[in-house]
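Number of protein chains: 2
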Amino acid sequence: MNYFYLVPAASVVALLFALYFFKRMMRESEGTEKMVTIARYVREGAMSYLSQQYRVVTRVFIVLAILFAVMAYFGLQNSWVPFAFLTGGFFSGLAGFFGMKTATYASARTANAVQRSLNSGLQIAFRSGAVMGLVVVGLALLDISLWYLVLDHFIEDAGSGHKLVIITTTMLTFGMGASTQALFARVGGGIYTKAADVGADLVGKVEAGIPEDDPRNPATIADNVGDNVGDVAGMGADLYESYCGSILSTAALGASAYVLNPEMQQKAVFAPMIIAAIGVFLSILGIFLVRTGEKASVKQLMASLNRGVNVSALLIAAATFGILYLLGFSNWVGLSFSVFSGLLAGIIIGKGTEYFTSHSYRPTKAIAESARTGPATVIIAGMGNGFISTVIPVVTIVAAILISYLSAIRFDVANMMSAANLSLGLYGVAIAAVGMLSTLGITLATDAYGPIADNAGGNAEMSGLGPEVRSRTDALDALGNTTAATGKGFAIGSAALTALALMASYMEEIRIGMIRLGHTLLEFADGATVEVAKATLVDFMNYYQVTLMNPKVLSGIFIGSMMAFLFCGLTMNAVGRAAQKMVEEVRRQFREIKGILTGEATPDYALCVEISTKGAQREMLLPSLLAIAVPILIGLLLGVPGVLGLLAGGLGSGFVLAIFMANSGGAWDNAKKYIEEGHLGGKGSEAHKATVVGDTVGDPFKDTSGPSLNILIKLMSMVSIVMAGLTVAWSLL
Amino acid sequence: MNYFYLVPAASVVALLFALYFFKRMMRESEGTEKMVTIARYVREGAMSYLSQQYRVVTRVFIVLAILFAVMAYFGLQNSWVPFAFLTGGFFSGLAGFFGMKTATYASARTANAVQRSLNSGLQIAFRSGAVMGLVVVGLALLDISLWYLVLDHFIEDAGSGHKLVIITTTMLTFGMGASTQALFARVGGGIYTKAADVGADLVGKVEAGIPEDDPRNPATIADNVGDNVGDVAGMGADLYESYCGSILSTAALGASAYVLNPEMQQKAVFAPMIIAAIGVFLSILGIFLVRTGEKASVKQLMASLNRGVNVSALLIAAATFGILYLLGFSNWVGLSFSVFSGLLAGIIIGKGTEYFTSHSYRPTKAIAESARTGPATVIIAGMGNGFISTVIPVVTIVAAILISYLSAIRFDVANMMSAANLSLGLYGVAIAAVGMLSTLGITLATDAYGPIADNAGGNAEMSGLGPEVRSRTDALDALGNTTAATGKGFAIGSAALTALALMASYMEEIRIGMIRLGHTLLEFADGATVEVAKATLVDFMNYYQVTLMNPKVLSGIFIGSMMAFLFCGLTMNAVGRAAQKMVEEVRRQFREIKGILTGEATPDYALCVEISTKGAQREMLLPSLLAIAVPILIGLLLGVPGVLGLLAGGLGSGFVLAIFMANSGGAWDNAKKYIEEGHLGGKGSEAHKATVVGDTVGDPFKDTSGPSLNILIKLMSMVSIVMAGLTVAWSLL
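Quick note, the sequences are listed as chains P and L, same order.
For the first sequence, position 444 matches number 444 in the working numbering, and the numbering has no gaps at all.
For the second sequence, position 211 matches number 211 in the working numbering, and the numbering has no gaps at all.
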């Protein structure tokens, strides 16, 4: 128990440093009056969006919480679940709120500081990003610590290791709250940002011929708001969920893997939390390492970011060996390699993403070159590369799965599927996900830094700060694009590993569901039903062996694969529709408000913000409800085998599709930038126009549909876990 | 055995009718001298492509046959396998040769006949398509009958039902020959046709502003050749493979499901063949029903095509009940419903494809409307719809799987996974695939009719036959587009069900592989190894229960999902590269051969044909070899669980991805046609240009990558089946 207090301690330290960075940033000047005004517009737009979104989400949470309460009443659920669910959602929402507040305060300050030097701008933007990173890990560990202490106090110890199993599986359900919050943040934020971006570009850049972020464009504030709601709040909620999900599912799998060994069971539950806690301390250290001389070049800035992340990662890897040794795991070396494989996989996937999306490398250059024959070949080449780019992340994740499993069971390949090895191996896979996410404090900082720099550029442009400032914010932005690409790969990879860990936890939850149901039936029902329940309990091992030849499993796999595609289709179409509304509004303003294009009249920014907000709120409902409803439905129709098929199919397809969409989109964006740098005719050439088409198609790919898939694959597992009790009860009817 | 002779009889009848239709068609006049010349160009181009392709394929076949012979020598394979493999490839190639010969003879004749009346044109084009349909089913049943008779004669009866198991699993491997041939036909043909099409369009339509099929365009002959090699030969080989694969895997599953009941075992093996044979007779009947009055409208033509297909399908459904009853199946009603569910699923998937790709319906109209805001929104809307369009086929296939399985086991849901029910249920799923494909004689006719009509239009345009003739061929072509869309859905659906049946057969083959290996070891090795072999044989049931929690299975699922995407990426890029070469050549000819654009000089058609041919040959190798090598590699690395994961992941992802690509592509094509019909500004408007971009992107989607996935999902199963012996032996090392 002593080690455990590292977890709340790390949480408090993370939150204190977040507060410190926030205060430091707030002390900076926001610049000219115009800069202050524009920043306020963006901030108000972002906050109005967030409050609208939280209103919708609150309703969904109330409905779901009531449903869980009813399930708990009928013994299909632990009675702590509704509360755990609500706090998970609440803390995730809080992290989003703080992160976005910081980001919207930081952008004008970054633009102002960049007038002094590139490094000053970097410091403000990066440390404001660090607020997001530290708030996410801090609140996650706070929620985890509090719930652990509460449940440890209230849940009775019925002996034979069941207490920790109950505690950990109950805690898992607060991941469902985080998932639901993340779903709306990603889908709603993703639709918002791209409706505004596509709408602003189509009328502003293409029709009216005015540059990006031009204050004459009515959608430009909405576009800047979008960067915040999509890339800051959305990404934060996504990774908050992965972070909680990986720690909690590892704890749950640890509780069941070591159920016969009470002393080690406690430690196996604590291990992921402690690794995460140490990760927080080392992330903070890494954040302080990100600093350069006042006259640093972009290359040096990049190097300093990389130094921060790499030092953190290396130290965490080293610390893991120590932690697992001190905790007394007999296979501490093997488990450390599991953690290490996850950590390494995150880095490799990030590098792979960079290779396939940065215009320093061949693939993106080839896309730019294909622009010579027009937009169609740009699209074909971009999609071709996107498809091929799935190889590196998939092979990496497969390697991480196999290595983390086998190394956890000491390479006992001959008996790798024995009951004991299965539990231990899955614990290894889950702890690999924790390893990947242990650097989250700093990796999320590098990620959230991007949109802040982007907004700083927007602010500089709109405030007319002059070309030199704009070129410096562009340099920061370019850096942000690279870290964003790496961050996206990281988010997808961690989502896949977390989903896998959750899938394993699902089986655990099914087992618990059966035991609980057995008890309930013993109390309420007649003898015959009890017999059925007992027989089913015995049959559990047969269920557990979910063979691929079971038509229910196969059906689940087909439907899971389809879900990923359907979800993409719904979100793509949502962006299309919402962007269409934005296009009409911008055209209307150009037509009806005289003098906008000559700069004599101010466009109605607020109306565009409202259109994006309403569009996002309306469009996010259908895909979101589908993601929640389908796993429940499949559970009722096809039972446990169907659900496992659904999860496996959704995970396989969703992971690959998410990479494809993120990388195609990123590469199109950078192919356009490559031409804008003066290659192949430069800005304004036919080739440039062709890549603008690619970039516009890529917008919903990389910022709406792709990232939303991260949530889908995790959420479907989460829903299945929470509904396990219902699935079991129903399949007995 | 008496019933069996229906199979060779159906084969001979099919081939005789094919000959009859061919002779009738050849009696027609090919029209003016110019028409004859153009038809000859296309024919020669097509034949030169085919002979080049067969040369490459022959080499691959020789290498693989040697490999199989070596495996047979070491007892990892039945010694009939190399021969079965070769004949499968040979017959598939022969069907492609006859089909393409007929199609290229028919196009000018169709153009000529259309001068008389629309109906005359339809008759020639459709009956020439029927030659393809009947040759495919005729040769397939011939190959099946011959091998059955040969193996029945030579293989010794060791008792206890093993003879039929050996016969059927050996015959399955000639499906591998058909698969390999189909792979190259689909991939090579798909690359050829779209390189020529995209190349011709980009320079001809977009740059030089000359219409489709204009004789001044040097790539126009290559484009017409492409329709034949892609849509006729490629589609034929694809469905030949599905047809053989479904019949043979059903026979194999029947042999093992009824292994304890020798009398029924024989009949379970014959049942799929006999249903197919009856399907041939009823397809021929249906073909004769396709006729209208001389003055028929396009609507009446469509109705007459539908009548032919629907009457055949209804009669086959009715006949199935009779056949299964007469064969003496105790669950003849249930199995008939299995067949029926497959038949119905094929029709529903076709209708769903029509809804999502025809511009009579909302989705495609919405894509056309999005053209108002340029090419980017066309691409976004087309992909959004394509993603969503996957729902109908997936839900249909899932329903067909569950119904055919459950109805075969008389809805014994409580024990659906007992060993006996598993065999029987999988037999039900496999026979559903046979049901879907039983109408192949006529459905393939409606499919192959399309490219013939398309080529007739090209011939009319190039020969300057005047606008009235061209508008009639356009009417035939429009009809062909609808049947092609339906046909594509049908091809994908049948590929999915066939792949599923093959997956089930794979498990069977693994079991056989283990038994065979046991015998070999008994002869060659020392006692210790025999013990290992025996233990593994006992462990078989554990292998069979391939749980989704096995990390090897999960790894396989990830890699399978990735394979579908990688394959798409490679083929998309191949088209991009080959089209680029074509663009350069067409530009060169416009530049260097003076007078092409004024019609004074003839372009060098042959050089363009050669460029497409060489491009296709070069580009098809990598994706094809990958499709063959990866299942082998995964078998060696991850064993049977890995392979089953690979097949399930590849099937789930590949199926959904194939539908997405086919439907997005089809919808883009028709959105363009919708605008060309005069909506939204009509031809030449900005909206039209935007849809031309969509259509160009859609070309490799719907005609290269999408259809190639059909082969990938079947071929990976086939390779796994043939390599089962090796996988088993290796996993014992």
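Possibly wrong hints are sitting among the right ones.
One copy or two, it doesn't matter: identical chains are merged, so the pair holds either way.
Listed below are the simulated DSS-like cross-link pairs for lysine-lysine, each with C-alpha atoms no more than 27 angstroms apart in a straight line [unchecked claim]: (1) Lys683 / Lys205; (2) Lys34 / Lys267; (3) Lys23 / Lys267; (4) Lys34 / Lys594.
I should point out that these hints are in silico values taken from the structure, not numbers from a laboratory.
What you are looking at is a predicted structure, and each value in this text was computed from that prediction instead of being measured.
I want to check one pair: Lys23 and Lys267. Are their C-alpha atoms no more than 27 angstroms apart within a copy, between two copies, both, or neither?
For Lys23 and Lys267, the Cα distance exceeds 27 angstroms both inside one copy (37 angstroms) and across copies (82 angstroms).
If the cut is 27 angstroms between Cα atoms, do Lys34 and Lys267 qualify within a copy, between copies, both or neither?
Intra 56 angstroms, inter 86 angstroms, cutoff 27 angstroms: neither.
Please work out whether the CA atoms of Lys683 and Lys205 approach to 27 angstroms or closer within one copy, between two copies, in both situations, or in neither?
Both: 12 angstroms inside a copy, 26 angstroms across copies.
My question is about Lys34 and Lys594: at a cut-off of 27 angstroms on alpha-carbon distance, are they close within one copy, between copies, both, or neither?
within (22 angstroms within a copy, 62 angstroms between copies)
Of the numbered hints given earlier, the model fails hints 2 and 3; all others are met.
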